[in-house]
Amino acid sequence: MRSAVIIFPGSNCDRDMDVALTKYGFKNLMIWHNDATLPKCDLVVLPGGFSYGDYLRCGSIAGKSKIIKSVIDFANSGGLVLGICNGFQILTETGLLPGVLQRNKYLNFICRNIHVKINDKNNQYFKDIKKDVLEFHIAHNEGNYFCSEEELKIINNNNQIALTYCSSDGLEDNEYNPNGALKNIAGVFNKEKNVLGMMPHPERMIDKHLSGEDGSIFFENLMNNSK
Amino acid sequence: MEVNEQIAVDHGLTKEEFKKINELLKRKPNLTELAIFSAMWNEHCSYKSSRKHLKNLHTKGSQVIQGPGENAGVIDIGDDDAIVFKIESHNHPSFIEPYQGAATGVGGIMRDVFTMGARPIANLNSIHFGSTQNKKTKNLLRGVVKGIGGYGNCIGVPTIAGQTNFDESYNGNILVNAMTLGLVNKNKIFYSKAAGLNKPVIYVGSKTGRDGIHGASMASAIFDDKIEEKKPTVQVGDPFTEKLLLEACLELMKEDSIISIQDMGAAGLTSSSVEMASKGKLGIELDLSKVPCREENMTPYEIMLSESQERMLIILENGKENSAKAIFDKWNLDFAVIGKTTNSKNLELIFNKKKVAEIPIDFLAENAPIYDRKWKKIKLPQKINFKKDIFKSLKLENCLKKILSNPNICEKKWIWEQYDHTVMGDTIQKPGGDAGVVRVHGTNKAVAACIDSSAVYCFSHPLTGGKQVVCESWRNLISVGAKPMAITNCLNFGNPEKEKNMGEFVECVSGISEASKYLNFPVVSGNVSFYNETKDKGIKPTPSIGGVGLLENYKNMISMDLKKEKNTILVIGKTEGHIEQSVFARMILLEKKGPPPEINLFNEKNNGETVLRLMKEELIMACHDISVGGILTAIAKMCIKGNKGITIKPPKGLLNKFNYFFGEDQGRYLVEIDSSKLNNVEKILKENSVHYDILGIVEKNTLKLNEEFDIDIDVLRDCYKNWLKKYMVN
Amino acid sequence: MKIKIIVTLKSGVLDPQGKAIQQTLNGMGFLDVKDVRQGKYFDIETNETDEVKAKNKVDEMCKKLLANLVIEDYKIL
Amino acid sequence: MKIKIIVTLKSGVLDPQGKAIQQTLNGMGFLDVKDVRQGKYFDIETNETDEVKAKNKVDEMCKKLLANLVIEDYKIL
Ligand SMILES: Nc1ncnc2c1ncn2[C@@H]1O[C@H](COP(=O)(O)OP(=O)(O)O)[C@@H](O)[C@H]1O
Ligand SMILES: [Mg+2]
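Respectively, the protein sequence lines represent chains G, W, V and Y. Per the working numbering, residue 540 is the first one in the first sequence, and the count goes up by one each step. Per the working numbering, residue 110 is the first one in the second sequence, and the count goes up by one each step. Per the working numbering, residue -18 is the first one in the third sequence, and the count goes up by one each step. Per the working numbering, residue -18 is the first one in the fourth sequence, and the count goes up by one each step.
The hints are simulated quantities; they were obtained by calculation from the structure and are not laboratory data. It is possible that some hints are incorrect.
[Said to hold, decoys possible] Chain Y is faced by these chain G residues, among others (derived, beta-carbon under 7 Å):
id, residue
1, 591
2, 592
3, 594
4, 607
5, 608
6, 611
[Stated by the list, open to error] Simulated pairs of lysine-lysine, PhoX-like, Cα-Cα distance not exceeding 20 Å:
id, chain 1, residue 1, chain 2, residue 2
7, W, 664, G, 747
8, G, 644, V, 21
9, Y, 21, V, 0
Even glycine gets a Cβ: it sits at the ideal position worked out from N, Cα and C.
Excised from the complex, chain G in its bound form:
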């Protein structure tokens, strides 16, 4: 399995993602944002960080970078594209994913463990995962997902809501919504479900000495299913 992690100026989870992908068997390449084309690969990852300082809106400037055209083409041809945190923000800014990520409701950056419920397993990202609830980790200032009512209806009907914040036993209550996201949304797919954006960082949860291990489940499964 070959993967490519794109480095934008200001990306800062690119190495962490490389470590995780490599650990679970991907042959990973790091790609510079100014490159014109993607190498041949099965998975493209847009990592977390603060691309271009996230100065205008998160992800907006990265959404205009040179490599993005090839990423869009790759996605449109059915390739797997995964955006984590800032990567999720970039994917919404390019229009590959619906909605936007606004400033956290309580206006603070939040770094902590949370739980997410897998809402749809009919896709390559979550297909064979046994658990319904995973413990993940978030670290963001702008993770408050929003979209219009019509859009919400559409993504609901298409099962495009990938992950929702919940309690450790799967209760999707407001109490477990860390950032004010609409309907507790933590991650969404595109219509075809080959593009996934999510706020949590599975790459920070890949060994028991770190904040937890549920990231391993995610990567292992991804490795098996992108074959």
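Use these hints to put chains W, V and Y with the ligands onto chain G, whose structure you have.
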């Protein structure tokens, strides 16, 4: 325009200093030259009040690769790995503009570390605010935390530990001290000492603006009709550019083209160029017309004094300019050849083809004034004779609840959840423990770091206080299973021209020195911040100590949360019940006088080393040092974190249970051990003549002592966890 | 020439910053403040000297970059 | 009534956001863009109906909260 004595005074120089400048130069300086002297002879750059005493710090040890004097200190952690670290203050700017002040403080210290070739791997901070009743405190705290987070989070370096304190002495002068650790190959460390003649001097990073040209620039504006335009501006941090600068510098450092490199910190281009030349015993010539400027019509004066952030000065090997430029172009950063090294031993400045300044480097560096300021010795306060009946109406349970919700003791999660503490994927102990711990990427090793201060003890008796902070740092590192390696120190004091403040400084330094020598815990870097006072009211003397320790195997790291029921808890070290200057005395008995707890360095070392030995034999399951709040506070925290309780055995032979449970005697730890291994542990403790007591047995979820109390851990958790959150949202 | 732009959140889109500011203002004693909405302001300096052309260009910039039309409206002043 | 405010960085204060936007616009082919400065915009709705009084209040709010006078200027529209 003529420079005169008044202008010199407006630049912060004394009349005598101005006279000395004239004598050295054998002429009057021009305005730009005067500004350069004022910057270099300023307390901040010259250490003129502190240098004499800093010489007494203990700075040696086989682990030390680089002690004080470089951008940061460096220690050897084996296998060619080295840790570069330093702490720095940004107090005054943070009081004026908390967000930007704190942010640029973090940016500055990270530059100090990556200048040496190290990739930053952890940030820490020590922040002190005025009383929580003070109207300004909340906004300052909010702004500072957002600033620290805003910068560190964006760069992608985890903030793994810190310290937050409230005391009315900081009402008019908050403290913001930031610390960074970086990882470097010990054969690839970069220094600031220039070498070689005619080597190109390179400017990289952001453009130069009129940021932070201090009051000094106002003086110059008097002579000009464009006063408004020349108003100094607050430095604004741009973490995005810093991230690019970090990556670009590390990329350039992979090649063999850098002779020396220096970040532009306080006094910007002036101090960086002078320091590089001075260390290399060379001259340096700069053409200021070539400096990339953000604004039009900047004068040599402004260019030399600007404190614009995210800039570096590099001396390159000849012929490497193009390959170096390609790297900075790739990262979209300014790159300009602005001068060369010379053999004149002078700082020569050219602007628009004219020479605008020429000063022998020695006058700025070596001949800078050094003062032996008068200082007053501070006597050890007398012990207090507490009357028995003041304890009568008190209940241990109520006191504990009050202490756990004291602003200085309660949980600081509201703060550290705003810091990304897990980025880089190697944080194995987050904030909230005794020290933060990060793995050395790709190895089995880990580095622990903590930051401590104890202004209350230092104010009461600076010599003891100085020793105490070093010991506390040592203890915090041991508590997570790390071998203490070395420290950095940030000395925050009042006005050195006052004998009392100077006395506090001298004695704190000597306390720090004594303890660090005894413990083989040398000082490898640091920073002094004087004049922390407003309207004549100085802060309590506040040395912050940043400690760094090493774990050979990260899997052996220890945390403080209680692990298992039926385990035994021991108090390591002797409890005498010293309560003067304790939180208990100050907060509950309202008694602020008396001496701080005594430091016994022999016991400190012996207890600490024995705890490490027990850890090595894998006999310890949880550990926490006993600090402010004493035994009961410490065990309550362990219970809360582990979601367990304890049945405490009543202490034997002590007069007063308040002294026992809330006393702040030093050199103590609480350790959790498997009860079946108690014999082994006792044997080792006895062999090493370490005093210990059995505190009790781990329980389900209540904290119990006979008929005295039986408190649900959830109740204690509420006290501990909610105070700060409530304070900040209301 | 200089062109000024204001970008605001569409009505109906939650504005937590605006809300926080409103609450703070109320807390400070400005009890008349009923609602606060925060937006962005841009000052663009361009070499284009023809005002109509310049504004057309700026309109394009707004659509392509400066505003996210999912949640924001813009106005060229 | 509604009152509009613009808060901008003082000239000379570094504006990393504006700089990043300018570079992106240039990169997108808007080569005429020479400089971008970003500011904040506020829409304040108040119960006060007297315009002069309302503006005076808003002026006070700007000084006390909305603008950081160390680095920012404000303008009530
Ligand atoms: N400003 C801060 N930044 C990060 N962590 C902090 C900060 N203030 C406090 N902490 C964390 O909170 C915990 C408690 O701090 P403190 O009460 O000083 O510890 P101790 O129990 O050693 O006395 C520590 O783990 C510390 O790292
Ligand atoms: Mg501790």
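We went through each hint and held it up to the structure:
Taking 7 Å as the C-beta contact cut-off toward chain Y, the hint placing residue 591/G at the interface holds, the least distance being around 5 Å. A least Cβ separation of about 5 Å between residue 592/G and chain Y falls short of the 7 Å threshold, and the interface hint therefore holds. Using the Cβ-Cβ criterion of 7 Å, the hint placing residue 594/G at the interface with chain Y is satisfied: the shortest such distance is roughly 4 Å. Look at residue 607/G: its Cβ only gets to about 12 Å from chain Y, farther than 7 Å, so that hint breaks.
Against a cut-off of 7 Å between C-beta atoms, the interface hint on residue 608/G is violated, since the closest Cβ of chain Y lies about 12 Å away. Because the closest C-beta pair between residue 611/G and chain Y is about 16 Å apart, greater than 7 Å, the hint is violated. Proposed proximity of residue 664/W and residue 747/G is supported: the alpha carbons are some 10 Å apart, at most 20 Å. Of the pairs offered as hints, the one joining residue 644/G and residue 21/V holds, with about 18 Å between alpha carbons and a cut-off of 20 Å not exceeded.
For a cut-off of 20 Å, the pair hint linking residue 21/Y to residue 0/V stands: about 15 Å separates their Cα positions.
In summary, the numbered hints that this structure violates are 4, 5, 6.
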